[in-house]
Amino acid sequence: MAQFLQFVFLGLSAGAVYAVLASSLVAVHMATGVVNFAQGSTALWAVWTVAALRTDGTLVLPVGSVSLGPEPLAAAPSVAIGVATAVAWALLAHLLMFRPLRRAPSLAQVVASVGLMIFLQALVTLRFDITISMAQPILPASDVTLAGAHVDVSDLILAGTAIVIAVALWAYFRFTRPGIATRAAAEDERAARLTGLAPDRLAAVVWALTGALSGLVAVLAAPTVGLDPTTYTFYVVPALAAALLGRLVSVGLACAAGLVLGSFQSVILWGSSKTWWPGWAQAGLGDAVPFVVVIVALFLLGGRIPARGDAAETRLPAVTIPRPRLVPAALLIGAATAATLLTSGIWRFAVVTSAILALLALSQVLLTGYLGQISLATMAFAGTAGFALSKLTVSAHVPFPLSILLAALLATALGVVVGIPALRVRGAQLAVVTLAAGIAVQSFVFSNPALTPFEGNRIRDPSLFGWSLAVRSGTTLTTARFALTVLVIVTILTLAVARLMSGRTGQGFLAVRSNERAAAAAGINVAATKLLGFGLSAFLGGTGGCLIGYSRGQLSDGSFTVLAGLTLLAMAYVGGITSVGGAVVAGLIGPLGVLHTFLTRTLDVGDYYQLIAAGGLLLTVVLNPRGIAGATGGQLRVVLARYRPGRRGRAPSGPPPPVEAADVATTPEPSHAN
Amino acid sequence: MTDQPATTGPAATVTTERRPALEITGLTAGYNGVPAVRDLSISVAEGEVLALLGPNGAGKTTTLLAAVGLLPAMRGGVVALGTPVRGRRVEKIARAGVSLVPDNRGVFQRLTVAENLRLASGRRARADLAGTLDLFPQLRPLLGRRCGLLSGGEQQMVALAKALLPRPRVLLIDEMSLGLAPIVVQGLLPAVRSLADERRMAVVLVEQHLDIALSIADRAVVLHHGQVALAGPAAQLRERRDLMEAAYFGRL
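Chains as they are written, first to last, in my numbering: chain D, 1 to 674; chain E, 1 to 252.
Here chain D stands alone, though its shape is the one from the complex (with noise of 0.2 Å):
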């Protein structure tokens, strides 16, 4: 029992930094409406910047760095100095990005708060001294004994400040005038400005205060919870657990469920040494926990979630619809063709990749782009076809085709599962459900030594009439062969996409990511529709993660990782969300890809590539929500049009180049007079 009792308390610490984060993810939503997948990474850089000053006095910047003297500086300025960077960088995301994004779709904001803690993520692992394992300790290092257990001072201090920060910030939204005020602000900009208040300066105290907060107990908690360069990045996902707990209006809720859930994965910890643990519950069980905890949130709460039932009021990213024309497909295809027979080794490599990252880059387009469902799951969905296809291969022989096809099914089949959340819930918390299914599915099935052996999950490689398709031969690295057989299993399934988006099906897509309700009373079956989605996106996203498995043989649990997946999200956003072109342009910019093996092989600057990626999404999600695809393809249309003589008239001017809802008319039309 004692022992029991000394795991609670253990967790505490952890729990504490949950619970802080939580709360500040729950004030930041009361004031914006952002949902800020962001609020770990910036506690992270003040984590880093502490460390980095308390070894050897050195503040490290983004760019660049400054010594701040020889010596190692004292615990309290530099605890100040890293509570103020992260105050900076909340500053600049509200100034820089959710400032701008304010009146932007719920998937824009998700996405520009996915694109910085991915961006914070790269910069931290690029600037800091990683190698530095070890937090110093900050606060007091004694114990007391409370009902036989050891308990650490420390880990009742952070419980206590998480308590206190969760009831001060109860009490500015309650009964301050500012408080109030943004409370105001966050339901209607308009009339809150028309009572003189400034809801852009209400805001940005939010964003300063809940980044500081954030940034004082995670520097307070680094030294007893560790010193990683992703772990506090992903402290998010339990944090918005317990965000979603407190219904995303309470502070209160959210504190005491961060700082339970922290205790309760400890005493996962301690059950799971005991004999009577179950053998394949003994890893990721822990990290589990949190997509349990937002399934029931959002199921038993569901009905009691705000802003749950809003039609799409903003305006969405305009969606191009696919039309299979034969000229641009056949020199697409053509293209790929050629740069696969043309290169050889690592570049072979990296066009084989970039054509499977394009399917997987689809599937985030089918789901996100044309159904308006943010995913963040989609590397789970490779990846569990991908695991499925070395138990397939190795163990029960099945063939090449037929593998594929039936680890795709199993695909499916999660899709499905995971989608069925998404009847009830949308937007930003369907981003958290995938997200935390993502992360739940990374530690409890492809780090799970019960499931996965320590050496591997190898895959056999694929042969067709007795023909083999491997992909490496003697000391070729890529064979044409597979190369050939991968574009030839995407072409297929980009073409039936394409058909299939163009069709009756887009359409019901496109319906119901404008406004589920119109959607349902013009007789379309959203439930379905959605699971749909969900199952192509899956199958999809399935079938990647198999090309994936055969094109490296064997599999681990860092082959699909919830960082890969949000990276590939990003990409499918720069190339452009809602288009086919723009996940061709994902695949070609991807990791791995065909951009990436340039930045890598010829420029030398592959470290810096998952910055480049976040960088160019945080630009793209801001300045130009249609990516690349859609802006390239936009302009191309209006040269095309110009220099195109008129169908009908033969007008020497030409038709007017269609042009976007969104970009018409500046011309005033007369009012038309009676």
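Honestly, I wouldn't trust all of these hints.
[What the hints assert, rightly or not] Pulled from the structure, derived: some chain D residues nowhere near chain E, Cβ distances all over 12 Å: (1) Q136; (2) L197; (3) A256; (4) S447.
[What the hints assert, rightly or not] So the derived list for chain D, only partly shown, Cβ under 10 Å to chain E, looks like this: (5) R183; (6) A185; (7) R190; (8) G196.
Derived by calculation from the structure, the hints in this document are not laboratory data. Every residue gets a Cβ at the ideal spot worked out from N, C-alpha and C, and that includes glycine.
Starting from the known structure of chain D, arrange chain E on it as the hints suggest.
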């Protein structure tokens, strides 16, 4: 066609001896490059109540939005309380003493009545709050209730109280009667009239109920297709229903 604003009576551009609180000169404003108001000039003096009338789409709301800086003018401009509106932030203009009650009332549904009023009163003394509540005694027992739970009439009272609390010198009211029984409006508007007299407050009233509007206004302007179709003292226009109708249908 109403290209030439038809005017009757002595009051095409009334120049009162009182100082103008709100001056709209040659205003052209609209949406997506399409003007809804064209070359409009209206002036409202301190302590004066102006009824801004006209059919749907005449440009009444557009005029009010431009007056508080929510909608940038394409041409011409608005001078409120001696300072041009152009280029200033909406919240600054509001704090300078121009209050708009928008047609969706601008009440914060998720806040309580007391919180709504507290935001509006700024850092002012509680005495003002008490004074305003004397105008709307029905609100006293509702102070702790969330506005979303109030009836339409009660919400409109909150909206009006909220607009009056900072002691504005220009009050713009957009369609107070929207979704309300006329009797409710009849109860609220006389309070506005007496405040205009007491506090020397300039009031612009956009209304669909002509009789109510004309009964408390000093002057009225009828817009049609974004231009002045008819203007004159309210008392005179009350007698000339034929002219009013003609102006509404653009037949002047």
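Verification of the hints:
1. Listed as a non-interface residue, Q136(D) keeps its Cβ farther than 12 Å from every Cβ of chain E; the least gap is roughly 45 Å.
2. The Cβ of L197(D) does not lie farther than 12 Å from every Cβ of chain E; its closest approach is about 6 Å, which violates its non-interface assignment.
3. Its beta-carbon lying about 23 Å from the closest one in chain E, A256(D) satisfies the requirement of being farther than 12 Å from that chain.
4. With a closest Cβ-Cβ approach of about 43 Å to chain E, S447(D) is found to remain outside the 12 Å limit, as its non-interface label requires.
5. About 6 Å separates the beta-carbon of R183(D) from the nearest beta-carbon of chain E, less than 10 Å, and the hint is met.
6. Restraint check, A185(D) versus chain E: the minimum CB separation of about 9 Å is within 10 Å; hint holds.
7. For R190(D), the interface hint holds, the least distance from its beta-carbon to any beta-carbon of chain E being 7 Å, beneath 10 Å.
8. Because the closest C-beta pair between G196(D) and chain E is about 4 Å apart, less than 10 Å, the hint holds.
The structure shown violates just one earlier hint, number 2.
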